[in-house]
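Going down the list, the sequences are from chains A and B. If you're matching positions, the first sequence starts at 0 in numbering that gives the first Met the number 0 and goes up one per residue. If you're matching positions, the second sequence starts at 0 in numbering that gives the first Met the number 0 and goes up one per residue.
Calculated directly from the structure, the hints in this document are not laboratory data. Just so it is clear, the structure is predicted and the values come from calculations on it, not from any experiment. Mixed in with the good hints, there may be bad ones.
What the hints assert, rightly or not - Not everything, but these chain A residues come out facing chain B in the computed CB check (under 8 Å):
| id | residue |
| --- | --- |
| 1 | 14 |
| 2 | 99 |
| 3 | 112 |
| 4 | 118 |
C-beta: ideal position from N, C-alpha, C; glycine also.
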Amino acid sequence: MAGLMAESFDLILRELPAAHTRMCGPLSGSALAIEIDGEKFGADFAPPGVRIVASVSSPVAHVHSSTKAILDLIDAKLSLRDSILCDDVFVLGPLPDLVRLRETLSRYIHGAIRCPSSPELLERFRRLAMRHENASPGVTDE
Amino acid sequence: MVTPAFADRIEREVRAVDFFRRSPSRFGVRAFHKEWQHFIIHGESVQLLVNFNLLDALWSEQEKGEIGRLIVLAREHDWDGDVDSFRPDEIDVVPGQLDARFGRNTMRFFDGKFHLSLSLAHRPIEAELELVPEILPDKITNLPLAPGLAINWVVLARLRATGTISIDGRVHHIDNALAYHDHNWGEFRWGDDFAWEWGSGLPSDSANPWSLLFVRSGDRGRHTTRCQLLYLWRENERARIFLDEAIRTTPQGSFAGPQMLKIPRVMGLAVDENACDVPERLTITGNTEGDFLQVLFEPQEVSQIVIPNETDLEGVTIVNETTGKLTLEGSVGDETVEMEGHGVFEFVRN
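When you get a sec, could you build the whole thing from the sequences and use the hints?
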């Protein structure tokens with residue numbers, strides 16, 4: 000997951016650098032601690048951009064979720080608000096930093112949707128989410 | 000009733016005017032070409048909106064040429080649908096012809112019929128349809144859109160659709176249902192200074208002879224109207240055109256409905272409000288030279304196609320696809336005009 004997220008940031012930087020700059024603005028100088036399906040990593044928004052790293056020392060916010068929950072957001076099966084309310088997406092941090100995180104997410108979506116190579120990357124993410132879902136405990140082959 | 004001779008004439012005229020133009024970007028120039036072939040099918044138990052959409056890839060230095068987007072909205076009780084994207088090497092559209100392939104989805108015109116074959120990538124919606132035009136196409140060119148920019152149009156206001164539409168495994172058999180088709184093309188960017196209202200009307204009773212089209216374009220703030228058209232057809236002939244000053248539109252109220260479907264679905268993460276800037280009722284009157292027409296459109300369902308602006312990095316243009324009840328009355332020439340039926344209106348805002 001960390002690798003795909005890094006690729007998506009690089010894709011926006013390569014195909015639409017102005018959107019990448021806009022995306023990095025709100026959290027510039029900050030870092031996020033992320034955990035997806037138990038995989039822990041960080042997003043370091045040290046200027047001039049963002050890097051996916053193994054860990055960060057002083058994150059302004061923690062984000063915990065799953066590839067399935069992220070796919071449900073992408074496919075609009077749940078809104079972001081409902082995902083947070085039902086703990087599919089867990090965010091922890093001071094409110095001003097969460098507001099900056101929400102703005103970063105919005106700019107990320109606007110950048111990614113404009114990049115011609117995003118659909119291909121999204122397909123790879125779908126395959127990853129499917130693998131995780133099939134490997135989840137409680138799921139058995141008929 | 001369309002005679003075989005008239006059907007031949009329709010086919011010749013459709014081939015003569017409705018062909019794909021395609022972007023001049025294929026000759027290596029920078030262009031902002033937009034082009035789409037649009038279909039609406041009014042089945043008894045389902046409505047389907049299909050749009051084969053081409054546009055120049057503007058955002059990437061690496062990616063050149065036109066990309067394809069297949070927009071599909073289907074409604075049983077609620078709307079479902081999505082936008083599938085296709086890279087230049089996944090589309091096959093020959094300029095001058097009326098055939099398109101976007102991945103596994105096709106639109107063909109042969110034997111006097113449009114043939115649609117659709118299957119969305121991530122939503123369980125499929126369709127196999129034939130659409131037979133019952134009316135001659137109208138070609139409307141250089142409609143003012145934004146300063147210095149225009150859009151061109153071919154409209155077939157009345158077709159008959161036959162085939163199947165499948166939604167999540169539920170198969171709807173379509174038998175001679177009324178349908179609408181148009182084709183637009185032009186050079187503009189999403190996010191330029193324009194807004195439009197467009198609507199088509201077809202009767203619930205397919206024996207009713209009247210069909211209707213309305214267009215209004217203006218600036219994005221809707222302080223200025225740039226053009227207005229109100230077309231009326233009786234059976235397969237154009238009965239009346241009202242233009243510009245002869246048309247008055249009166250929106251009333253503000254439509255408020257349940258959470259609207261937004262497509263592409265991921266855009267719900269970036270545009271999460273439920274406002275739609277659609278009126279509760281829209282009255283359109285045409286009045287000239289003794290002819291009078293009054294159209295009342297009452298929206299019932301709205302879904303939104305969210306298009307990333309090409310003029311800025313975080314703006315969007317929203318196409319509010321709106322279905323509802325349409326009532327038409329008036330008099331044209333010696334005839335009384337009366338119709339109740341389906342309206343599909345677009346309220347385009349940015």
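Open item on the list: Tell me the numbers of any earlier hints that the structure contravenes, in ascending order.
Closed with: 2
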